[in-house]
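Visitor: Chain residues, written in single-letter form:
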Amino acid sequence: MDVPSEFRNPGKRRPKKGGTKPQLYEDTSMQPPPSEYGAHHGQGINMEGYNPSGYGGPPGAGQFPGAQYLNDPMANMAMQYGQSLAGQGTDFVHKNLEKYVSTSRVKYYFAVDTTYVMKKLGMLCFPFTHSDWSIKFNQDQPVAPRDDINAPDLYIPSMAFVTYILIAGVVLGTYNKFTPEQLGIQTSSALVWLILELLILNMSLYIMNLKTDLKYLDIVAYCGYKFVGMIVCLLAGMVFQSTGYYSTLLWFSITIAFFLVQTLRVKILPHSEDSNYSRGSKRSLYLILSISLLQPVMMWWLTGYIMFTK
Amino acid sequence: MSGEFGGNDGFYSSSDSYEDEPPLLEELGINFDHITQKTLAVLNPFKAAEHDMMQDTDLAGPLVFCLAFGGSLMLCGKLQFGYIYGIGVVGCMAMYFLLNMMSLTGVSVGCVVSVLGYCLLPMVILSSSAVLLSLKGMIGIVLTVLAVVWCSFSSSKLFVSALSMENQQPLVAYPCGLVYGVFALLTVF
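These protein sequence lines are chains A and B, in that order. Taking full-length UniProt numbering, the leading residue of the first sequence gets 1, the next gets one more, and so forth. Taking full-length UniProt numbering, the leading residue of the second sequence gets 1, the next gets one more, and so forth.
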């Protein structure tokens, strides 16, 4: 428990450390390292115009005690370097991230409003009364979920994932097995299983060579919808023990399978009918069925071990 | 003052600037009026918040509240400052990402940290009450849920007023509730 806090604190105190121990900074910065000489050398370089207001001469006796840190040119240089580094870092991250995950597309998936979320949750719990599963807008443009109830979104899956971690923590707490490290452990193992599932689905879509409109983020969204069911299962298991857990698991397995079959059928099947091979539609049907049946298995896998760790 | 103006040593030349300097609190950026205003806005979740209140992002208040939270947890026997810091950083990053995706205008990290920090105040109250009564009983559960709802309601109110996302307030309140729920988990268990 002490290790993480000690690890994090040096980052917070960096500007002050640059003032009291110049040696630490001189190794990483670009300035030449002599230690005694470093202060004067730093003053000389500082005069060239980094931060003239900070260099107010030797600190007056009446000022607050910390002033000599801020007036020390080494600290100034350290702060300037740190700020420029942070700026470069964010630019670098933005440029590279833009290549993999385009922010404007991701924004579409979060353009939700309250009515959409309520209706979608209702649909996840009881999809049997919903009749029209197609998306009405043009498929080339990503459609904001606000406009169409059938469009996938990423808000519900991400919220459901975090809630699942929290509820797992609560369940562990009722068994008196909760420590804050458990949160990290649960998060990482659930993430790993989710990523594995996404990889398998993407590989199978690629291998089966189906023409679909499914974007990568759509698949992430569809895999994330099962966390809603998992949350209810865990809650029911906490209140009603085994019977509650298994019955809600059964119910939500049926609903998520039905939901996915209906949704994917609209997205995958119409395109495979363009080809002349009749096997094309069979392949897509198998794929849809296997995706839909994989979800209950994952639901059971990710909640069972929490319920029954006694 | 004028006698010291032609200062020969370096020592006296700075005492002239000593009198012209702005007061210490202004230099540090701590503005007590704003702090009390924001704290009252958090404590009274039913009063509407003004749009400009969150524009100056100050981190002094949130820092005090986080330290108070850690201190009251310490009184319960849990030395968890590191976890509070870690969860705070992760929660703030997640809220920053989510709010930038969901809102039309962007939001800065300072604003997110400031709002989330100020709305930690009900959690501080909860954890100080944990010193006196155990939170695992029925009253404790009710108090915890109440505190989380209060925190998330005020933080979503502040975010919505700062970012003008009127019809999405429940959607902003839920992730805030999740962040404060993790803090509540630390407090209770």
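It should be emphasised that the hints constitute simulated quantities derived from the structure, not laboratory data. A virtual CB, placed ideally from N, CA and C, is assigned to each residue, including glycine. Take these hints with a grain of salt, some might be off.
Mimicking DSSO-like on lysine-lysine, the simulated pairs with C-alpha atoms at most 30 Å apart in a straight line are [to be verified]:
1. B:LYS78 <-> A:LYS282
2. A:LYS215 <-> A:LYS119
3. B:LYS47 <-> A:LYS177
4. B:LYS78 <-> B:LYS136
5. A:LYS177 <-> A:LYS107
6. A:LYS107 <-> A:LYS119
Residues of chain A clear of chain B, computed beta-carbon distances all greater than 12 Å [unchecked claim]:
7. VAL106
8. THR115
9. TYR155
10. GLY173
11. GLN182
12. ASP218
Visitor: All hints, please: hold or fail.
Guide: So, going through the hints one by one against the coordinates:
Among the hinted pairs, B:LYS78 with A:LYS282 is inconsistent with the structure: their alpha-carbon atoms are about 59 Å apart, more than 30 Å. Proposed proximity of A:LYS215 and A:LYS119 is supported: the alpha carbons are some 23 Å apart, at most 30 Å. At most 30 Å may separate the alpha-carbon atoms for a hinted pair to count; B:LYS47 and A:LYS177 exceed this at roughly 40 Å. Between B:LYS78 and B:LYS136 the CA atoms are separated by roughly 15 Å; this keeps the pair inside 30 Å, and the hint holds.
Between the alpha carbons of A:LYS177 and A:LYS107 the distance comes to roughly 38 Å, so the proposed pair goes past 30 Å and is violated. With a CA separation close to 20 Å, the supplied pair A:LYS107 and A:LYS119 stays within the 30 Å bound. Distance check on A:VAL106: its Cβ comes as close as 6 Å (rounded) to a Cβ of chain B, failing to clear the 12 Å threshold; non-interface status is violated. For A:THR115, the condition that its CB be more than 12 Å from all CB atoms of chain B is violated, with the nearest at approximately 9 Å.
Under the 12 Å C-beta cut-off, the non-interface status given to A:TYR155 relative to chain B is violated; the minimum distance is some 7 Å. For A:GLY173, the requirement that its beta carbon stay farther than 12 Å from each beta carbon of chain B is not met, with the minimum near 4 Å. Chain B draws A:GLN182 into its interface by the beta-carbon criterion, the shortest separation being 10 Å against a cut-off of 12 Å. Non-interface call for A:ASP218 relative to chain B: holds, since the shortest CB-CB distance, roughly 16 Å, exceeds 12 Å.
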